[in-house]
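If you're matching them up, the sequences are chains A and B in order.
Just so we're aligned: the first sequence equals residues 5 to 208 in my numbering.
Just so we're aligned: the second sequence equals residues 586 to 759 in my numbering.
Because the hints were derived from the structure by calculation, they are not lab data.
Glycine included, each C-beta is placed from N, C-alpha and C at the ideal position.
Some hints could be false.
In silico contact screen, one side only, chain B against chain A (beta carbon under 10 Å); selected entries [as the list claims (entries may be wrong)]:
(1) 593
(2) 602
(3) 619
(4) 656
(5) 685
(6) 686
(7) 690
(8) 694
(9) 719
(10) 730
(11) 733
(12) 740
(13) 741
Subject to a maximum C-alpha distance of 30 Å in a straight line, what follows is the list of computed DSSO-like cross-link-like pairs (lysine-lysine) [said to hold, decoys possible]:
(14) A:169 - A:117
(15) A:20 - B:738
(16) B:718 - A:18
(17) A:200 - B:755
(18) A:169 - B:718
(19) A:18 - B:698
Which chain A residues stay away from chain B? Per the calculated CB distances, all over 12 Å, these [unchecked claim]:
(20) 12
(21) 28
(22) 30
(23) 74
(24) 93
(25) 169
(26) 187
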Amino acid sequence: MGLLSSRISVTRYKVKGSLDGSVHETVYQSLKKRSIPNIEDDGSEAIVGWTSFENPYAPDFEGYSFVFGAHMVFALRVDKKSIPPKLVRKHCAIEVAKRLADSGRSYLSANEKKTIKENVVLTLSRRIPATPNVYDLVWNYQEASVWFFSNLKSANEALETLFIKSFGLQLIRLFPYTTADLIAGLSDRERDLLEKLEQSQSEG
Amino acid sequence: MLDVAIAYRRYQFLGNEFLTWLWFMIETDQNSLRQYDPDLISLNIGSRLVLENTRNNAKETVTIKGDEANLEEGLVALKKGAVVTEMHLSYKSVGQDWLFSLKGESLNISNLKLPETGPVETPEDLEGVVIEKAYLLEKVIGLVNNLFSHFIKLRVSDAWHSQTVSQIRKWSVS
Numbered sequence: 005m006g007l008l009s010s011r012i013s014v015t016r017y018k019v020k021g022s023l024d025g026s027v028h029e030t031v032y033q034s035l036k037k038r039s040i041p042n043i044e045d046d047g048s049e050a051i052v053g054w055t056s057f058e059n060p061y062a063p064d065f066e067g068y069s070f071v072f073g074a075h076m077v078f079a080l081r082v083d084k085k086s087i088p089p090k091l092v093r094k095h096c097a098i099e100v101a102k103r104l105a106d107s108g109r110s111y112l113s114a115n116e117k118k119t120i121k122e123n124v125v126l127t128l129s130r131r132i133p134a135t136p137n138v139y140d141l142v143w144n145y146q147e148a149s150v151w152f153f154s155n156l157k158s159a160n161e162a163l164e165t166l167f168i169k170s171f172g173l174q175l176i177r178l179f180p181y182t183t184a185d186l187i188a189g190l191s192d193r194e195r196d197l198l199e200k201l202e203q204s205q206s207e208g
Numbered sequence: 586m587l588d589v590a591i592a593y594r595r596y597q598f599l600g601n602e603f604l605t606w607l608w609f610m611i612e613t614d615q616n617s618l619r620q621y622d623p624d625l626i627s628l629n630i631g632s633r634l635v636l637e638n639t640r641n642n643a644k645e646t647v648t649i650k651g652d653e654a655n656l657e658e659g660l661v662a663l664k665k666g667a668v669v670t671e672m673h674l675s676y677k678s679v680g681q682d683w684l685f686s687l688k689g690e691s692l693n694i695s696n697l698k699l700p701e702t703g704p705v706e707t708p709e710d711l712e713g714v715v716i717e718k719a720y721l722l723e724k725v726i727g728l729v730n731n732l733f734s735h736f737i738k739l740r741v742s743d744a745w746h747s748q749t750v751s752q753i754r755k756w757s758v759s
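Work out the full structure: start from the sequences and follow the hints.
Spelled out as structure tokens, the structure:
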């Protein structure tokens, strides 16, 4: 999902806190440090990292290439390995048969079967390539706002976690209550009334 | 501020009431909507409206789909105590059109179609297009923020119960 897509989904965030020193340099260093690594031969099921908006499959933030006017534009990439359950079952069955033949036993314990399954999943994870998912984001530092181009719960959670790890700043998702509290410019009295609000009773 | 997860659930009704109020405003007072965006030409219900009634511990959902859809069924659901949970909107400003969906519980924007921008043919074009897209996004997000801010101030005021709720009821049975 991206800024240049013909149909866009947006989750709005408020950024809490500020960076020390030069904003662009700090962001550049943090993006570089947590850019997505190449995991083709890694056993992990999913890897999350930053990538560049212009070229998401070869992250490059040199020359502050993520700066577009007043905005910083880059992307979250989640590379996920998805192993078909049928493939796991097949390889487990082969491994169990081999173990039984080697040992001359007629059955394996639940623990042995569990270990076999873990090894099969790990071996297949190393052989199966990860599928990349790229989600663009626009960060307006002055306005303390981030627009993230996905409404997927898992992608938003991955963003919130990586953002605070990378920049030390918390992202607050803007839904009705937080929009009222942080965007609407309520007075202290109005904020007190907001806390006590209950659903309106309608006709029925 | 309350814990975010608790606040999300506790106040999700506010987003649904906001969309219900917005439908009422769209149908009855387009002129007032211009105070939230001076460039606004019109704001209309697009091709989808979803209402939910959770009274009496049962959930009833009414979905109205299609361009030029008859919203009468939605008004009937409102009369029975339903609220709008999702709406597709058509927003027209000077020479530009936006289409997008807004979900009550999250205020997430989805299926957003921005006005046309120039093509990206060279790397130099990209910066201009990104800045233009960001401006067009800012317009629609700004409109939603302004509308919601006005709604929430009204919602915490005495005028909500003394005037607005009865006006919405009157409109739904008219």
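Hints, one by one, checked against the model:
Below 10 Å, beta-carbon pairs count as interface contacts, and residue 593 of chain B has one with chain A at about 6 Å; its hint therefore holds. Using the Cβ-Cβ criterion of 10 Å, the hint placing residue 602 of chain B at the interface with chain A is satisfied: the shortest such distance is roughly 6 Å. Of the supplied interface hints, the one on residue 619 of chain B is violated, with its beta-carbon coming no nearer than about 19 Å to a beta-carbon of chain A, more than 10 Å. Interface restraint check for residue 656 of chain B: the shortest CB-CB distance to chain A comes to about 17 Å, outside 10 Å, so the restraint is violated.
Taking 10 Å as the C-beta cut-off, the interface hint given for residue 685 of chain B holds, the closest approach to chain A being about 8 Å. Against a cut-off of 10 Å between C-beta atoms, the interface hint on residue 686 of chain B holds, since the closest Cβ of chain A lies about 9 Å away. Interface restraint check for residue 690 of chain B: the shortest CB-CB distance to chain A comes to about 7 Å, inside 10 Å, so the restraint holds. Taking 10 Å as the C-beta contact cut-off toward chain A, the hint placing residue 694 of chain B at the interface holds, the least distance being around 4 Å.
Nearest Cβ of chain A to the Cβ of residue 719 of chain B: about 5 Å, under the 10 Å cut. The hint holds. Interface restraint check: residue 730 of chain B against chain A, minimum CB-CB distance 5 Å, threshold 10 Å, status holds. Checking residue 733 of chain B against chain A: minimum C-beta separation of about 6 Å stays under 10 Å; hint holds. A distance limit of 10 Å between C-beta atoms decides the matter here; for residue 740 of chain B the minimum to chain A is near 7 Å, and the interface restraint holds.
The beta carbon of residue 741 of chain B comes within 4 Å of a beta carbon in chain A, closer than 10 Å, and the hint placing it at the interface holds. Straight-line distance between C-alpha atoms of residue 169 of chain A and residue 117 of chain A comes to about 37 Å, which puts the hinted pair past the 30 Å bound. A distance of roughly 24 Å separates the Cα atoms of residue 20 of chain A and residue 738 of chain B; the hinted pair therefore holds under the 30 Å criterion. A C-alpha spacing of about 20 Å is found between residue 718 of chain B and residue 18 of chain A, which places the hinted pair at or below 30 Å, so the restraint holds.
Restraint check for residue 200 of chain A and residue 755 of chain B: satisfied, since their Cα atoms lie roughly 27 Å apart, inside the 30 Å limit. Proposed proximity of residue 169 of chain A and residue 718 of chain B is supported: the alpha carbons are some 28 Å apart, at most 30 Å. Among the hinted pairs, residue 18 of chain A with residue 698 of chain B is consistent with the structure: their alpha-carbon atoms are about 23 Å apart, no more than 30 Å. In this structure residue 12 of chain A is not separated from chain B by more than 12 Å, as the shortest Cβ-Cβ distance comes to only about 4 Å.
Consistency note on residue 28 of chain A: stated as away from chain B, and its beta-carbon is indeed over 12 Å from all of that chain's, at 15 Å minimum. The beta carbon of residue 30 of chain A is kept farther than 12 Å from every beta carbon of chain B, the shortest such distance being approximately 21 Å. For residue 74 of chain A, the shortest C-beta to C-beta distance to chain B comes to about 8 Å, within the 12 Å cut-off, and the non-interface label is violated. Consistency note on residue 93 of chain A: stated as away from chain B, and its beta-carbon is indeed over 12 Å from all of that chain's, at 37 Å minimum.
For residue 169 of chain A, the requirement that its beta carbon stay farther than 12 Å from each beta carbon of chain B is met, with the minimum near 18 Å. Remark: the non-interface label on residue 187 of chain A conflicts with the geometry, its nearest Cβ contact in chain B lying 5 Å away (cut-off 12 Å).
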